[in-house]
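Colleague: If you read the sequences in order, they're chains D and S.
Residues 1 to 302 in the working numbering are what the first sequence spells out, letter by letter.
Residues 1001 to 1229 in the working numbering are what the second sequence spells out, letter by letter.
Zero decoy hints are in this set.
Simulated coverage check for chain D against chain S, where a stretch passes if three residues somewhere in it have a Cβ under 8 Å from a Cβ of chain S:
(1) 248-256
(2) 263-277
(3) 282-292
If you're looking for bench data, these hints aren't it; they were derived computationally from the structure.
Every value quoted in this text rests on a predicted model; they were computed, and no experiment measured them.
From the three backbone atoms N, C-alpha and C, an ideal C-beta is built for every residue, glycine too.
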Amino acid sequence: MCGIVGLLLKKPSLRPRLGELMVPMLIGMTERGPDSAGLAVFTPPLPAGQRKISVYSGLTEDGANYAWSGLVEALNAELKVQARASIKGNHAVLTFEGEADPVKAFIKAHGPKLHLLSAGRGIELYKDIGTPAEVAERYQFSQLSGSHLVGHTRMATESAVTPDRAHPFTAGEDFCLVHNGSLSNPNGVRRMLEPRGIRFETDNDTEAACRFLEWRLREGDDLHTALQKGFEALDGFYTFLMGTPTELALIRDPFACKPAVVAETDDYVAIASEFRSLAHLPDVKHAKVFEPAPEEMYVWKA
Amino acid sequence: MESLKFDLSTGGVRPLNQYLHGPASELNGQRITVLNPDGAHNIAVGLNAAVKVTIDGHAGYYAAGMNKLADVTIEGSAGTGVAENMMSGKVHVKGFASNSAGASAHGGLLVIEGDAGLRCGISLKGGDIVVGGSVGSFSGFMAQAGRMVICGNAGDALGDSLYEAVIYVKGEIKSLGADAQIEPLGDADTTALAGLLAAAGLDHNPRDFKRVASARTLYHWNADADQEY
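Chain S extracted, bound-state conformation (with noise of 0.2 Å):
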């Protein structure tokens, strides 16, 4: 099928967004390519349509955020806030992204394949995502649901304050947040893992990594601890 074209360098990002904004049943199976995206931000946001969309360079600010069911591929890299608040659908980003990568994500796959920034993940809310490259610091905090998977090396406090997402990484952890810990990885997880390195196309052995989840420490208030966490 042929892929429509968007050229940002003439038209802005209005009429792409307008264009994808519009009926779901019209655009379902569509292609869209995005040409010169030059950093212009809020590229594809609010998708709502079955709708295959690549962004042919580097994207800015909060790209396809808020995605539901389209596919988006960026071919450079991403500004702060790629794919935040995705409800579903695939957001894959060639190169690297900013701080705050699927931030507050409730489902979908977010797939990096460079480093992240800081703070990738937070408030991650049933979302899976998938780095292959390293983590910054205070990636996965508070976050509530999901999946992380982190091939490379995880910064500062990782997964401070988790609630029940899982947060997997091959490589070296900096240091970890207040109530995460390293778990054993058993059956479920290394099943889990094969599944999304799949669905992102990175060839890594599942067993290599660490499982890191919450111990649940902070989930009640300790009227004894004085204070003192």
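Isolated chain D, as found in the complex (with noise of 0.2 Å):
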């Protein structure tokens, strides 16, 4: 068992709101998923030639004493990209100019424990193990502002409970996946992938339908044709949600064995595993609310 939600803000006042109205949905999902807890958000994407990058130091020795500023200092000092660093903790975002990859190959062998969680102009990533509320507390979810988030509470069954095993993952650049429910075929996927040239961080069966889509993205399918090939690549129970910077985007198992349910007014589209985690928001009473079909697409444009 696992719980997802997901929200999108319409209205773009209600932006600055995003995280507070969204801590209660992934609060709501504890029952689902009380062992980790992690989300993804979008904010308005930075200038063309500037990337972020979200890491996470809780797996160092030092973990939340982590020296960030070392590490920032000696990035500027080594490739002269003007990094800065947003800390929480054991988790920082650091923006800088230029490409991500120079960067994020450097931050590995700089810190070899350092966990990737994110990269892009628009994507930011939270995810470590504990309760929904404990996770939402140890980063300050509720002041989170952006267009969009994509949150997940998990109840492992396919792989360890691990910081870095928790959702969302990501791939390439902002794009992320959370996942309710379990691959059948994973590794079948993942043999198909690693001889492309696509690295695995975990032995997690969401990593493989994270990099998979994400594949057929950078490929250059659009997001309906990536979503198609899923259905036909991906084998197993799965609700997935997924993020990209203008989009949200839902697809269930033609078994629907996991849950979705989704409230819409014309302010947000709000997307859960069950309706519990819904009913907080606002003038919820007057959406429209349903149940994704199995099988079929859903995209909400940011």
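Both chains are given apart, each in its own frame, so use the hints to dock them into the complex.
Modeller: Now the structure itself:
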């Protein structure tokens, strides 16, 4: 079991309240996912020449006391990318000039136990073990602002309870995916992707789905085409919720084994595994509430 | 008669269910309103009295499960397993219902005004289900007894491995399951349909429905089939 939540604010004036509206959604899914939680938030994109990377230091010996300033100084001395860090304990968002890949490589060399969570112009990602309430408090999720986000509460079935196996998963830039369910062919998907140079960081089944779909997008598929290929290539039980800089997308497997419910008003689209995570939302009594059908693609534009 | 109100936003589900599990002699004829259900699970499960319960919003999983005698109305939608294993009474969902609505119901009437998800009426054992909208795939799977009325469309594998339950469909059937077949609609069927539609408060012409029942070819082991069915 796991819980998924997603929120897309259509009304720009609500965007400073994105985190505040989402935290009860995430906490509402605690019974479905008490062991880890995470979310990816999409903010207005940085200028084309800049990137940001979310980094997790919880796997290093220093944990939340990690010397982020040392990393930033080394990065700027070596690569001259004018990096700056926004720090929340064991988590930092590094914003810098230039491409993401050299910076990612530098960070991995500088701190091999640092875990890179996401890269892109809009995405920021947080995930850790703990209850959804603990994780939300740890990273002050209620303070987050942005246009849309994708969140997850985890009850692990397919791989161990560790921060790097929590969701969302990312691949490439500005793409993330959360999963409720379990895939039956993740290793087959990995064996197909690895010879194409796609590297995996965990043994988690969801990572296979995430890397498969991002690979299709990078190969030029639009989101619909990529999701259609996902239906063909990915076997098992799933409700997937995905985020791109401009979209939230949802698909369910043909047996609809894993739940999802949507509430839509003129102001927002909210998605959750169950309605109890949506009940607090403004004017939800007048929202259009529906259950997404299996094997259909639902894409909402930010 | 005045309605007794339980507000789940302050008290949670347990006080409600504990009250509803009181002596039937005291509960019979009472009217209970459940405020702010907000998708909570197990609302009004295991009732065993002729009590009338109105759930004023969206219910979570297993609402009115195992119902006996009670008349439960859900003003919003219902999550997975609404009225599962109902024995008698009536459960009426004004919105849509998620998967496995009315699963293994032995008796009573489940009305869903909107659509029902997948596996509606799975393993039905004698209850009646009337769906105003459409049902998802695998509905009526292994249904043994009882009747299902679907006023909209049905998904894939309708009535797969049916026993003696009968399914009536007004709209399109995407595909029939193994051993399910469309049969002529008889007078007994239209009489049954008229009664079920009236009980559900839905206005359709019984003659517009198709009858789906078991071809009974799976009832007996066929040693000559060479494992090819």
